[in-house]
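To convert a position in the sequence shown, counted from 1, into the numbering used here, add 131.
Because the hints were derived from the structure by calculation, they are not lab data.
Just to be clear, a hint being listed does not mean it is correct.
[Claimed, not checked] Beta-carbon label-pair distances, calculated as ranges:
id, residue 1, residue 2, range
1, Thr283, Glu215, 16 to 26 angstroms
2, Glu282, Glu194, 37 to 47 angstroms
3, Leu319, His141, 37 to 47 angstroms
4, Ser206, Gly273, 25 to 35 angstroms
5, Glu215, Pro245, 27 to 37 angstroms
6, Ser170, Ser256, 30 to 40 angstroms
7, Asp224, Arg321, 40 to 50 angstroms
8, Asp267, Glu183, 22 to 32 angstroms
9, Leu200, Gln298, 16 to 26 angstroms
10, Gly273, Glu215, 29 to 39 angstroms
11, Glu194, Gln173, 40 to 50 angstroms
Where is the CB? At the ideal position from N, CA and C, for every residue including glycine.
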Amino acid sequence: MTGEQRRGAHVLDAVLDVIAERGLEAATMRTVAAAAGISLAQVQYYFRSKDELVASAFRHVTERFDEKLATVDLSGPPRKVLREALELWLPLDAARARDARVWLAFSAAAAISPTLKEIAAATDSELRVAFARLLDAAAAEGTLPEVTDTETEAGLLLAVVDGLVVQALTLAEPLRARFLTDSLDAHLARLFTP
Numbered sequence: 132m133t134g135e136q137r138r139g140a141h142v143l144d145a146v147l148d149v150i151a152e153r154g155l156e157a158a159t160m161r162t163v164a165a166a167a168g169i170s171l172a173q174v175q176y177y178f179r180s181k182d183e184l185v186a187s188a189f190r191h192v193t194e195r196f197d198e199k200l201a202t203v204d205l206s207g208p209p210r211k212v213l214r215e216a217l218e219l220w221l222p223l224d225a226a227r228a229r230d231a232r233v234w235l236a237f238s239a240a241a242a243i244s245p246t247l248k249e250i251a252a253a254t255d256s257e258l259r260v261a262f263a264r265l266l267d268a269a270a271a272e273g274t275l276p277e278v279t280d281t282e283t284e285a286g287l288l289l290a291v292v293d294g295l296v297v298q299a300l301t302l303a304e305p306l307r308a309r310f311l312t313d314s315l316d317a318h319l320a321r322l323f324t325p
């Protein structure tokens, strides 16, 4: 993101609001301008096209998630650290459910957009590396006895989280937290020794 676009962060936040409420297809330059309470010309000052606006908004989402991930205390046991990091991703409350809807919209679009695909692939790669490091630490301390390939297991863990997010968002809100925590705990119990 360029310096000009960083100054346009309020526009990117408006993009995310539109996507969370109405989906990615609704995030036109005009609807984003209305959501941000600015003119279309002001949106165009920061972003030359809808594609540039959407790609910048996707990068903005990943940066915000990286900031949240940086708050996780890495000094604890690997299983605890991993669980805490994974919970950031899961729609356990209204704010995370909103973020999950936005992330899913971008992920779906990444399947057909080369620019978004590149952003999604880089983010997924970073997460797999981070998860693999935590799994390596658990293996070194002997709490991950059945796992021999932590890189593959990290990819599977990311797929489990993605699946839990999709499944949870189709549930009624009162059922989500229990479903997510029970499912995550069950998966981690399969990996780690008690």
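The hints, checked one at a time:
no., hint, result
1, Thr283 to Glu215: 16 to 26 angstroms, "holds, 22 angstroms"
2, Glu282 to Glu194: 37 to 47 angstroms, "violated, 25 angstroms"
3, Leu319 to His141: 37 to 47 angstroms, "holds, 38 angstroms"
4, Ser206 to Gly273: 25 to 35 angstroms, "violated, 19 angstroms"
5, Glu215 to Pro245: 27 to 37 angstroms, "holds, 34 angstroms"
6, Ser170 to Ser256: 30 to 40 angstroms, "holds, 38 angstroms"
7, Asp224 to Arg321: 40 to 50 angstroms, "violated, 26 angstroms"
8, Asp267 to Glu183: 22 to 32 angstroms, "violated, 38 angstroms"
9, Leu200 to Gln298: 16 to 26 angstroms, "holds, 22 angstroms"
10, Gly273 to Glu215: 29 to 39 angstroms, "violated, 21 angstroms"
11, Glu194 to Gln173: 40 to 50 angstroms, "violated, 22 angstroms"
When the structure is compared with the earlier hints, violations turn up for hints 2, 4, 7, 8, 10 and 11 and for no others.
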